[in-house]
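Guided by the hints, dock chains B and C onto chain A, whose structure is given.
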Amino acid sequence: MQKITCESLIEKACELIENGTVSRVIGWKKGEFDYDLTPAVFANADEIKKNFIYNDFSGANFSKYLIKETRKGEGKVLVFLKPCDTYSFNQLLTEHRFDREKVYAVGIPCEGMADIAKVKAAVGDGILKITSEGDELIVENLYGDVNKVKLADVLAERCVNCKSKKHTAYDELMGEDGEILDNNRFDEVEKLENMTEDERFAFWQNELSRCIRCNACRDVCPACTCEKCVFDNPKSGVENKAIADSFEEKMFHIIRAFHVAGRCTDCGECSRVCPQNIPLHLLNRKFIKDINTFYGEYQAGEVEGSRAPLVNYTEEDIEPNDAVKREE
Amino acid sequence: MQRIGVFVCWCGSNIAGTVDVEKVSEALKNEPGVVFSTNYQYMCSQAGQDIIKDAIAEHKLTGIVVCSCSPRMHEATFRKTAAAAGLNSYMVEIANIREQCSWVHKDMQSGTEKAIILGKAAVAKVNLNAPLTPGESPVTKRALVIGGGIAGIQTALDIAEAGFPVDIVEKKPTIGGKMAQLDKTFPTLDCAACILTPKMVDVAQNDKIRIFSYSEVEEIGGFVGNFTVKIKKKARYVKEDVCTGCGICTEKCPQKKVPNEFNMGMDNRRAVYIPFAQAVPKVATIDPNYCTMLKTGKCGVCAKVCTAGAIDYTQKDEIIEEKYGAIVAATGFNPISMDKFDEFAYNQSKDVITSLEFERLTNAAGPTAGKLLRPSDGKHPHTIVFVQCVGSRCDACAEKGKEYCSKICCMYTAKHAMLTRDKYPDTDVYVFYIDVRTPGKAFDEFYRRAVEEYGVHYIKGMVGKVSPEGDKLMVRASDLLANKQLNIAADLVVLAAAIEPDKSARPLATMLTASMDTNDFFTEAHPKLRPVESPTAGVFLSGTCQGPKDIPETVSQASAAAAKVIGLLAKDKLMGNPCVAQSNELMCNGCSSCERVCPYGAITYADKEFRMPDRTVAIRRVAMVNEAVCQGCGACTVACPSGAMDLKGFATSQIIAEVDAICK
Amino acid sequence: MQINNEFKPKIVAFCCNWCSYAGADLAGNNRLAYPECVNIIRVPCSCRVNPIFILRAFQRGADGVIICGCHPGDCHYTSGNYYTRRRMALLFSMLNYLGIEKERIRLEWVSAAEGAKFAATMNEFTEAVTALGENKRLEDLRCKK
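So the protein sequences, as listed, match chains A, B and C. All residue numbers for the first sequence refer to my numbering, where the first residue is 1 and numbers rise by one. All residue numbers for the second sequence refer to my numbering, where the first residue is 1001 and numbers rise by one. All residue numbers for the third sequence refer to my numbering, where the first residue is 2001 and numbers rise by one.
One chain only, chain A, in its complex shape:
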């Protein structure tokens, strides 16, 4: 199997930009630290060779960037898509959010991305440098210590519960395609469902009261691609931004989850970017789980053009009052 490395991606990107297949490349470049990579657009091979980075922290899902990027300039945009990213890619195509003709998508296999919080938990803070060696991360800190940690032990939650190693869309695939995986992603949702009402309220009160309404979850979400978000629109009735009490964030997160219900591919970006580490994916997954239970298995982005469950119905659908068990 062809090993995907930073070098092989740089090589591919340069090749495609130099032979004229694409005019721009969406990729990752270094942020302040090795582990906080920033999405970037490269317009020539020199820039790519200099700044393009791909490592165990290249988690960002680039599908959403295609909306704005394909509207600019001439030529195609090269995008590298991990299997989970291709679901968002397809979902955006289903919703006509960008012109497929303007994109050259290269599928790249993925063995999972690291979660910096877990790395820090394992080896401590003050990290200076992280390099990858086989299935291990070599972490150097401020004091000159070098620690090793297995990638498998610091995988992001979404990667631990990876739903698929199979690409659902691409123009070209690097390496081999994987399979849709069995996973336990609904376990945590179930755990919450089994709590009492009061326990659940306490759980979410604790989580959501930390929200600082930075909008990062919304801004990164490849399903939240509205030209204008209801939360920025004074006429929508939900525009308030200040957090004066515990409910404000609930309104925000319920509506946000509802707006992406049936469209969310469970890419996990919301939880990845949340500076307060709120497990936002548990809201989205609740909707996904309910949709699967009530209306049959549905994976957004698996098939381009599929009809989302909330714009569909059958005459025998479950009654809302029965969707919540009245006795407990």
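The reader is advised that the hints may include incorrect statements.
What the hints assert, rightly or not - Cβ-Cβ distance ranges computed for the label pairs, FRET-style: (1) B/E1240 to C/H2071: 48 to 54 Å; (2) B/D1607 to A/Y143: 56 to 62 Å; (3) B/P1131 to A/K68: 37 to 43 Å; (4) B/A1396 to A/E304: 32 to 38 Å; (5) B/E1240 to C/D2074: 45 to 51 Å; (6) C/D2074 to B/D1050: 39 to 45 Å; (7) B/E1022 to A/N206: 49 to 55 Å; (8) A/S306 to B/A1396: 27 to 33 Å; (9) B/K1029 to A/N206: 30 to 36 Å; (10) A/K235 to B/A1396: 54 to 60 Å; (11) C/F2007 to B/S1013: 28 to 34 Å; (12) B/P1439 to C/A2033: 40 to 46 Å; (13) A/E188 to B/D1607: 48 to 54 Å.
It is worth saying that the hints were derived from the structure and are not from the lab. The C-beta atom is built at its ideal place from N, Cα and C for all residues, glycine as well.
Below, chains B and C alone, put in the same frame as chain A:
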């Protein structure tokens, strides 16, 4: 800022008995925007309406709230009042303080408090109202009838009679439909051809009616009053305007082995054919599946014998585009396939036939020239068994058949049985039935005549199995009333096959964005009160495409559909409902969610150029609402995640204002 | 749970114009009493009810919200209430997941002929909401005077 007037009605003591109207009008005076507030005994009376009109003029009101009975009662009245005083009728809101307050509450104090809340909600809403004008759209004064059976014929004739041009699209080479295949018609026993063919001639001779035979609808766009339809005229390889219908080609064509669909495949026709003698248009058609010339390039006999020079082997399908104001679906029915009903041995014996095949066997123009002879050996049958409800009234979970009653079988079987006994008194006729259903004018009398005068053996019970044995058909059945098993050695078995909508109906419904039920019958706009209209504006239903029905019922419905079409075409302009959806292009993502939930197909998309903040131009897909088609349900407004879609008259901001006013 | 006899809840009822609003009118015509705390907002179809409206009502201090529409299959707009049914099933389930008392929100299909059902539903719903007491979990303190 609005200048709002509030008018609280006492409704005699109906409201004033439980609600302190004085207090209500006083309390609402202080609401934002309210510049005038009063109360009166009967707001809907002339005097009450004058109070409103005077206040609108005197206080330069821009909106009014009437606290009165249900808007379902007098909203229209007060809208007219406002309009008479020069105020836009949609600047009126009603607070329902009678049905939903004074009549259901007993306590004066809490009733008054609630009335004030309802009034405040209405004031909050009207503060955000905007004048609305119903959209107007012109009407193309031409109708399209899809299907040329008796339903389509009757509809077309009635519309043409009123002076409007009509086009009939029929996929077969001739109009006439199923009725043309029938022998006699119940309950009067007139010959079908005798009453149908004059109507077909009327159609042909009516200069308001065009017939597109051997044609199909390809594409439908537009909306009520303004449909654009593409019709495919299939190549018939005969010039329609040159052919005289002399029929010489149909006699000389050397390809004789083509199953004759008009006779249900019980005899053969040639590759070039005229379906039957009274066909309209009476023009030959070459069947490309059998014509040697078209298949191999060798033959050309028909062209040689045609003195008119009408044969044209190079003819191509032709697409005709036409505009229509109204479309009538009259796609009709077919008997269901008997393939799944092995127990009746339909595929094993030629002497097990369907009722429609029986019609052809008894028809003077049929394969046996009207003599009732067995298809297998041409002998006269002496024992005939009729089986009812074959595929009708089946169990919902059964894998074959339909749940519904096909409605016509009881009567035509009575007719078949009676006619058989009349012509051939030496024949024993058995009818096996679940129930005999005869609810029609002179229907039950007809059925009783079959039993009482003609001695038809009606047996309540179902046939379990038909097995061919020698030249007999052994029919095993149960007689439920006598509680015994019967074995009848029959010569002929006739199956009353269930009827189902024509297969072309489903794709047509998709093109029309008209809804269908699970059986593929078109759904009517209201099952009782709007039975000939589809929920899709401008689309009407005629005949069995809407549900099983007999000829009299079909003709009544066909005329009813015509009346609806005439009513529509008589208008020069259509006034829409102004409370329709509206898409804000700047916020629209073009994601198609709204389009997918719209039951009317009112939403379309366009790629539009937008200038971006950095002065570049971007092309974005945006939704557009066709106001003439939108009915204002609001499904799209919730499907839209960005809130770009809003509903006029029930805008998001208005409903939120009501919520806030109530919850305050 | 302690039942406060003094407590009078605030209830918002969204009713579709064609069936449930007419059903409420019929309850009125027949003088079938239900509590004053039920306030009806007329919408063309139950599918016009945005979850935002419901949350907004709770945020502003409603103690219960009920959505009423035509029975499935009877929608004036043919399919509107089928979408309502899916949206509300997911919303109700989500609110429950967040620990909101499930008795605070309900959906009932009420036809234009079911005046008695309308009144009975409102009586029953008000009773359930009263038993729960004031809505604390979804209200926004800023909206209280």
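Each hint, compared with the structure:
For B/E1240 and C/H2071, the hinted distance range of 48 to 54 Å is satisfied, since their beta carbons lie about 51 Å from each other. Checked against the hint of 56 to 62 Å, the C-beta distance between B/D1607 and A/Y143 comes to roughly 58 Å, which is consistent with it. The given range of 37 to 43 Å is respected by B/P1131 and A/K68, whose C-beta atoms sit roughly 38 Å from each other. For the pair B/A1396 and A/E304, the supplied restraint of 32 to 38 Å holds, since their beta-carbon distance comes to about 35 Å.
Between B/E1240 and C/D2074, the C-beta spacing of about 48 Å keeps the proposed range 45 to 51 Å intact. For C/D2074 and B/D1050, the hinted distance range of 39 to 45 Å is satisfied, since their beta carbons lie about 40 Å from each other. The hinted window of 49 to 55 Å between B/E1022 and A/N206 holds, with their beta carbons roughly 52 Å apart. For A/S306 and B/A1396, the hinted distance range of 27 to 33 Å is satisfied, since their beta carbons lie about 29 Å from each other.
Range check, B/K1029 to A/N206: about 47 Å between beta-carbon atoms, so the 30 to 36 Å window is missed. The beta-carbon spacing between A/K235 and B/A1396, approximately 48 Å, falls outside the hinted interval of 54 to 60 Å. C/F2007 and B/S1013 have their C-beta atoms about 32 Å apart, which keeps the hinted 28 to 34 Å range intact. Here the CB-CB span from B/P1439 to C/A2033 is close to 43 Å, well matched to the stated 40 to 46 Å.
Restraint check, A/E188 to B/D1607: a C-beta distance of roughly 43 Å breaks the suggested window 48 to 54 Å.
This entry does not satisfy hints 9, 10 and 13, going by the numbered hints stated previously.
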